[in-house]
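2 protein chains.
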Amino acid sequence: AKPTTIASAKATFFILTPPKFALSIIIQKNCEKNMKIGLFDSGVGGLTVLKALRKTYPEVDFIYLGDTARVPYGNKSAQTVIRYSLECAEFLLNEGIDLLVVACNTASSYALQVLKGSLPIPVFGVIEPGVKRALENTKGKVGVIGTKATISSCAYKNLLEAKGVEVYQRACPLFVPLVEEGLLEGSIAEAVVEHYLKDLKEKGIDTLILGCTHYPLLKPLIERFMGPQVKVIDSAQAIALEIEPFVKREGSSKLDLYFTDISPSLQSLVELILGEVKEPRLVSLPCKV
Amino acid sequence: AKPTTIASAKATFFILTPPKFALSIIIQKNCEKNMKIGLFDSGVGGLTVLKALRKTYPEVDFIYLGDTARVPYGNKSAQTVIRYSLECAEFLLNEGIDLLVVACNTASSYALQVLKGSLPIPVFGVIEPGVKRALENTKGKVGVIGTKATISSCAYKNLLEAKGVEVYQRACPLFVPLVEEGLLEGSIAEAVVEHYLKDLKEKGIDTLILGCTHYPLLKPLIERFMGPQVKVIDSAQAIALEIEPFVKREGSSKLDLYFTDISPSLQSLVELILGEVKEPRLVSLPCKV
Numbered sequence: 117a118k119p120t121t122i123a124s125a126k127a128t129f130f131i132l133t134p135p136k137f138a139l140s141i142i143i144q145k146n147c148e149k150n151m152k153i154g155l156f157d158s159g160v161g162g163l164t165v166l167k168a169l170r171k172t173y174p175e176v177d178f179i180y181l182g183d184t185a186r187v188p189y190g191n192k193s194a195q196t197v198i199r200y201s202l203e204c205a206e207f208l209l210n211e212g213i214d215l216l217v218v219a220c221n222t223a224s225s226y227a228l229q230v231l232k233g234s235l236p237i238p239v240f241g242v243i244e245p246g247v248k249r250a251l252e253n254t255k256g257k258v259g260v261i262g263t264k265a266t267i268s269s270c271a272y273k274n275l276l277e278a279k280g281v282e283v284y285q286r287a288c289p290l291f292v293p294l295v296e297e298g299l300l301e302g303s304i305a306e307a308v309v310e311h312y313l314k315d316l317k318e319k320g321i322d323t324l325i326l327g328c329t330h331y332p333l334l335k336p337l338i339e340r341f342m343g344p345q346v347k348v349i350d351s352a353q354a355i356a357l358e359i360e361p362f363v364k365r366e367g368s369s370k371l372d373l374y375f376t377d378i379s380p381s382l383q384s385l386v387e388l389i390l391g392e393v394k395e396p397r398l399v400s401l402p403c404k405v
Numbered sequence: 117a118k119p120t121t122i123a124s125a126k127a128t129f130f131i132l133t134p135p136k137f138a139l140s141i142i143i144q145k146n147c148e149k150n151m152k153i154g155l156f157d158s159g160v161g162g163l164t165v166l167k168a169l170r171k172t173y174p175e176v177d178f179i180y181l182g183d184t185a186r187v188p189y190g191n192k193s194a195q196t197v198i199r200y201s202l203e204c205a206e207f208l209l210n211e212g213i214d215l216l217v218v219a220c221n222t223a224s225s226y227a228l229q230v231l232k233g234s235l236p237i238p239v240f241g242v243i244e245p246g247v248k249r250a251l252e253n254t255k256g257k258v259g260v261i262g263t264k265a266t267i268s269s270c271a272y273k274n275l276l277e278a279k280g281v282e283v284y285q286r287a288c289p290l291f292v293p294l295v296e297e298g299l300l301e302g303s304i305a306e307a308v309v310e311h312y313l314k315d316l317k318e319k320g321i322d323t324l325i326l327g328c329t330h331y332p333l334l335k336p337l338i339e340r341f342m343g344p345q346v347k348v349i350d351s352a353q354a355i356a357l358e359i360e361p362f363v364k365r366e367g368s369s370k371l372d373l374y375f376t377d378i379s380p381s382l383q384s385l386v387e388l389i390l391g392e393v394k395e396p397r398l399v400s401l402p403c404k405v
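These protein sequence lines are chains H and G, in that order. For reference, each letter of the first sequence is one residue, going 117 to 405 in the working numbering. For reference, each letter of the second sequence is one residue, going 117 to 405 in the working numbering.
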C-alpha cells in the first residue's frame, strides 16, 4: 500500500510500514492557516517538552497525547513500542497536525525511523537534539541515562560514538516512579541517584544526557551529585531549536491534552509538570495489545 | 445479550457486562478430564500465586497470562482496569479453563464483581483470602499496603471494617519497581520500606496484609522492619486453600505461560519468581486502549 495523493480535504493514507504495523489514516487536511504541532508520550513526561515548545512558540496550536493506558513504554519490547507509537501518531494525524514531535525517548529510540518513513509530515524525536547539544559541550566523554528500553536500543550511544566520543550509559528504572511519587529530593531520591550515577561519575564524564522526559524534574539533584564539572543536558530545550525551520508562527495558542486513561492523580500531575491548569480529555485508540 | 446454553462443544457467550465492556466469548468446552486453572495478572507478580497453586495442586494443568504490554495496572483508572481484566479473562476462557484466579490485587479490587457476574465458571480474587487470614490473626488493628489503585478502591478496608476491625492503609508505588529492579535488600530498599511503613508501625497494627503480588519478594525486609509483633500476610498461600472445593485433582501438570509483550528481561524475571525454567509465549489480545 502506498500513500495516495491528496485529492480533496480528506484523503486516506496507507502508512508505509511492515505489514504487521499496517495502518490506514484519514488525514484531516489542515485548511486553516494555524500551525498545529502534535506531541505524544507514553504518559505525562513529554509535558516537559510541551512546556518548552509552548514557551518558544506561544502563538502555535498544540495537541498532546499521553498513552497513560499503557504507560510506561520503557520496560516494553521494541516491537510493542513501535506499534504503540504508530497508533499514537495515527490519532494525532487524524487531528490535522502539521508536524509531529515524539516527546518520549523510548519511542524516539525505537520508532522514529518507522514514523519518519511512514508519515506525510515532518517528524522529530528527542534523541538527536540531545546528542547535538552534548557534542557542542563535551571534550570526549559523555554519559547517557534513560529507561531500560532506551539504553538497550543504543540510540544515543551509536550516534555519539559515530562522532568519536567515548560513551558510558546506564538504565535508571527507578527514576520515573520516583518522579511520579513526587520524591524529587530527600534521602531516598539521593540514595537512588547515587546508586545509578556513582559509576558514571567515576568514569570522568564531562557531559550527562538526561535521556528520558521525566528526568528534568530530578535535574537539581543530579547536578548536585555529579558536581560542577559535569554539564547536564535535557532534550526539551534542544528540540525547540531543532524544529524552528518548520514552524510557522501562526495560530491561536490553542492547547488540547488527550490521554488514553485518566486516573485520579492525573490532573494534579499534569498541573505540576505543565505549570498551568488544563483539563485532560479521555480518548480511545483502536489497536491490538 | 444473555449467555446461551452450550449446545455443542463450542458455544458463544455474551458476557453480562455494561455495554461499554461488551465482549463475546467462544468457549472451547473442556472435553478432557483434565482440570485446567487459568490465572492472569498485569505482569509477572501473579507468578507468586501460580507458584503456590502449583505446589498445592501439582497434577493440575495451569495457564497463566501476564498483560506485560500494559503493565502496571496499579496506576490506572477503575474503568481501564475492568476493561483489561475482561480482555484477559476472555483469552483464558477461550483456552478452556475450568476456574479463574485473578492473580492481581488491582484487578481483584476493581474487576472481581464484574468477572464473577459475567463468566460461566468459578472466579476467585486475591482480596478475600487475604482478609480471611488477617481476621484469623488480628486482635483488632490491621494494616494494608498495595498499589495506588488497590488502596483507592478500599477493597480490603471495606471488608475488614465490616468485621469491626480498625484499618490503616498505605499505597506503596515504589515497591513494584524496586522488586522489578531486583533491589530486595540494601540501603535503598530499607529506606523505601521505612518511608512507607513508618506510620503503620506507629499505629500499633498486629497484622499487615501484603496487598500486591509483587510484595512477597520484599517480605523478609518488611518483617524485619515491622518487628516480631506484626504478622505479615500474603495472599498466595491463602488463595490455594480458598479454591480447594472447586479443584479436581486430575491433569497432566501442564503449564503454559503467555504474555502480551516479551521484553529482553522477561525470561529471567519469570525464572527468578517461578523458580523454574519455562519459555514465555507471546499473545495478542483484541482490544481498544
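FYI, nobody ran anything at the bench for these hints, they're computed from the structure. Warning: the hint list may mix true and false statements.
Any copy will do: because identical chains look the same in the list, a pair fits if it lies in one copy or spans two.
[What the hints assert, rightly or not] Quick list of in silico lysine-lysine cross-link-like pairs, DSBU-like style, CA-CA up to 35 angstroms:
no.: 1; residue 1: Lys347; residue 2: Lys314
no.: 2; residue 1: Lys149; residue 2: Lys394
no.: 3; residue 1: Lys257; residue 2: Lys364
no.: 4; residue 1: Lys232; residue 2: Lys264
A quick look at each hint next to the structure:
no. : hint            : in the structure
1   : Lys347 x Lys314 : within (16 angstroms within a copy, 37 angstroms between copies)
2   : Lys149 x Lys394 : within (24 angstroms within a copy, 58 angstroms between copies)
3   : Lys257 x Lys364 : neither (37 angstroms within a copy, 63 angstroms between copies)
4   : Lys232 x Lys264 : within (23 angstroms within a copy, 37 angstroms between copies)
When each numbered hint is compared with the structure, a violation occurs for hint 3 only.
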